[in-house]
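Novice: Once you've looked at the hints, dock chain B against the given chain A.
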Amino acid sequence: MSIEHATAIDAKFGAGSALPMEFRDNKRLTVPVEKIYGVLAFLQLQRGFDMLCDLAGIDYLGYADATDRYGIVYSLTNTTTGERLFVKTFVNDPDPEVPSVVDLWEGANWMERELYDMFGVKFQGHPDLRRILLPDEFTSHPLRKDYPMRGYGERHNFPTVTRAES
Amino acid sequence: MPLEAVASVDETGTDKEFLYTLNFGPQHPATHTTLRLILTLDGETIVKAQPDIGFLHSGFEKLGEDLDFNQYVTIVDRMNYVSPVANEIAWHHTIEKLMGLDITPRCKYIRTILAELARIGDHLLCVGAVALDLGGLTAFLYAFNERERIYDILENASGQRFHPSYTRVGGLINDVNDLFVSQVRAFVKSFPKAHGDVCRLLNKNKIFIDRTQGVGTLTREEAINRSCTGPVARASGVARDLRKDEPYLAYPELQSSFKIVCSNGGDCLARYLVRMGEMLESVNIIAAAIENLPSGPVNIGTDSKVVIPDKSATYRSIEGLIQHFELFMWNRRFETPVNEVYGANETANGELGFYVVSDGSAKAWRARTRPPSFIHFALFPHLIEGHQISDVPAVLGSLNIIAAELDR
Chain A
1 MSIEHATAID AKFGAGSALP MEFRDNKRLT VPVEKIYGVL AFLQLQRGFD
51 MLCDLAGIDY LGYADATDRY GIVYSLTNTT TGERLFVKTF VNDPDPEVPS
101 VVDLWEGANW MERELYDMFG VKFQGHPDLR RILLPDEFTS HPLRKDYPMR
151 GYGERHNFPT VTRAES
Chain B
1001 MPLEAVASVD ETGTDKEFLY TLNFGPQHPA THTTLRLILT LDGETIVKAQ
1051 PDIGFLHSGF EKLGEDLDFN QYVTIVDRMN YVSPVANEIA WHHTIEKLMG
1101 LDITPRCKYI RTILAELARI GDHLLCVGAV ALDLGGLTAF LYAFNERERI
1151 YDILENASGQ RFHPSYTRVG GLINDVNDLF VSQVRAFVKS FPKAHGDVCR
1201 LLNKNKIFID RTQGVGTLTR EEAINRSCTG PVARASGVAR DLRKDEPYLA
1251 YPELQSSFKI VCSNGGDCLA RYLVRMGEML ESVNIIAAAI ENLPSGPVNI
1301 GTDSKVVIPD KSATYRSIEG LIQHFELFMW NRRFETPVNE VYGANETANG
1351 ELGFYVVSDG SAKAWRARTR PPSFIHFALF PHLIEGHQIS DVPAVLGSLN
1401 IIAAELDR
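Just so you know, the sequences run in chain order A and B.
Here our numbering is used: the first sequence runs in plain steps of one and ends on residue 166.
Here our numbering is used: the second sequence runs in plain steps of one and ends on residue 1408.
Chain A extracted, bound-state conformation (with noise of 0.2 Å):
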């Protein structure tokens, strides 16, 4: 099934623009950043799936073979039929950036800041990219793998406000 999506994709967008894997009963297609929005849009408009599950984020930084730094991985759903697809790309430092899909699913919005807020990669286009979970002073992305396992003390440095300067 992963290989039929894959065919189509690659008859759109240029061979090689999907990647097909497959493992357990999760299917996975690897597609480059620069054709990920065009694919998922096709995905969404062309082949059904209307509902983006979730949105992962990886840093692979000093994974086994790992050759690019951040994964990011669009878990689609197809309501109708239950199938599932997995849509991964990778992007890398110095300036990670994807095209934000808050305008094909608005579901995507939060997913998507707290990915931001959490690996620090950036969404191009999103209506409202600021940090989620963590408040807007801190300057650290902390699920990236060079963040320490205890922080760097953010926790005890807190600047704290007077009443005065609130």
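Because the hints were derived from the structure by calculation, they are not lab data.
In this text, all values refer to a predicted model and were calculated from it rather than measured experimentally.
Cβ coordinates follow ideal geometry from the N, Cα and C atoms, glycine included.
Take the hints with a grain of salt, since some may be wrong.
When the alpha-carbon atoms are kept at most 25 Å apart in a straight line, the in silico DSS-like pairs for lysine-lysine are as follows [stated by the list, open to error]:
id, chain 1, residue 1, chain 2, residue 2
1, B, K1244, A, K27
2, B, K1363, A, K88
3, B, K1363, A, K145
4, A, K122, B, K1062
5, B, K1062, A, K88
6, A, K27, B, K1363
7, B, K1097, B, K1363
8, B, K1097, A, K27
9, B, K1097, A, K88
10, B, K1062, A, K145
Computed footprint of chain A on chain B; a stretch qualifies when at least three of its residues, placed anywhere within it, have a C-beta under 8 Å from a C-beta of chain A [stated by the list, open to error]:
id, region
11, 1051-1060
12, 1214-1225
13, 1347-1356
Specialist: Same frame as chain A, now just chain B:
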């Protein structure tokens, strides 16, 4: 009409001076959990709602990269603390999918029963809390009475009431006893009466219906486009339930015992009714599962090298002792395929999924959670804008936001 009032507000215009900003939370009784809303009000009509979350963020996903698959279950417990055992089952479901393990039939049935009990407990709290916030204390008390029985069952099975940490890779920490079976049977027998009590209090209650009907309406298209799952999506007419669509655990064998509860209303009342209906279906599943509970071992064999051996085997046999140390020494533990997998379960709030990336060791390289509360809370500004401030507890309660899962 409130909706016209919203349309007349100009973002850049000068007519904003009369608007009033209200800070709702982070600690407000009606939020039940720690979340903050910045509400812009025109009289009592909400023109704009801005959620501010993250007060309970404690880096669960980062911890998931540091703890092994059995240790992380204690953290997963604390995500949706209203139905913790369902989170554990979802987490180990994903890990077992990653490792390609097929758990024993007895374990599948016990996990199914516990997952359904957790769903009932979660729905009871949700329904009870909505009623409480809308002024009906009695329904809350009836609901909590039944939750107490569920806690008793969990306490007997695992030794812990709130955070059982009951599942392990390849099985459970221990098998259930005969008391578990009789407790579950008693629950199945007594629950419909309590359910009927809550229904009689709320279903035709004029105040309750006035406060929930037509409030926070979500259409089917919006529900899909905004990634809704679970009762929120089903109340908007999305007939999707992972127990039917992607049956896992013992659900393939129990398909005939339950139906998907759906509604086309999309408002708070529909979400309440869907939850009430789902509880009865869950009781049917439990009734079918407890009578067909298979015998046999609860864990897969020790030969698989992934299950913690029974304590008697650890103390009395060399294989058991070696296996125990293999699993508990920090430089040994599991071997996993170098790959990534997404596994999801239908929990009370919706689809709870985990995207686990493995580098071959016993720890996840990345343990992404798909938190239903987070995704549903993103809906909140859309649902509440144009309504009255007194509708905030109704909408918030009907989405069943659990802040620990929201912020992780």
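Novice: Taking the hints in turn, state whether each one holds.
Specialist: Here is what the structure says about each hint:
Restraint check: the Cα-Cα separation between K1244 of chain B and K27 of chain A comes to about 20 Å, which is no more than 25 Å; the hinted pair holds. Of the supplied pair hints, the one linking K1363 of chain B and K88 of chain A holds, its CA atoms being roughly 22 Å apart against a limit of 25 Å. A threshold of 25 Å between alpha carbons decides the hint, and for K1363 of chain B with K145 of chain A the separation of about 14 Å falls inside it, so the pair holds. A hinted pair counts as satisfied when its Cα atoms are at most 25 Å apart, and K122 of chain A with K1062 of chain B qualifies at roughly 20 Å.
Distance hint between K1062 of chain B and K88 of chain A is fulfilled; the C-alpha atoms sit about 21 Å from each other, no more than 25 Å. Between the alpha carbons of K27 of chain A and K1363 of chain B the distance comes to roughly 23 Å, so the proposed pair stays at or under 25 Å and holds. For the proposed pair K1097 of chain B and K1363 of chain B, the alpha carbon gap of about 15 Å is at most 25 Å, so the pair holds. A threshold of 25 Å between alpha carbons decides the hint, and for K1097 of chain B with K27 of chain A the separation of about 14 Å falls inside it, so the pair holds.
For the hint pairing K1097 of chain B with K88 of chain A, the CA-to-CA distance comes to about 20 Å; that is within 25 Å, so the pair holds. For a cut-off of 25 Å, the pair hint linking K1062 of chain B to K145 of chain A stands: about 9 Å separates their Cα positions. Coverage of the region 1051-1060 of chain B by chain A holds. Counting CB-CB distances below 8 Å, 4 residues qualify, and the rule asks for three or more. Figure legend: the region 1214-1225 of chain B, annotated as covered by chain A; annotation consistent (3 residues with Cβ-Cβ distances under 8 Å, at least 3 required).
Counting residues of the region 1347-1356 of chain B whose C-beta sits closer than 8 Å to any C-beta of chain A gives 3, which meets the bar of three, so the coverage hint holds.
Violated hints are absent here; each numbered hint is respected by the structure.
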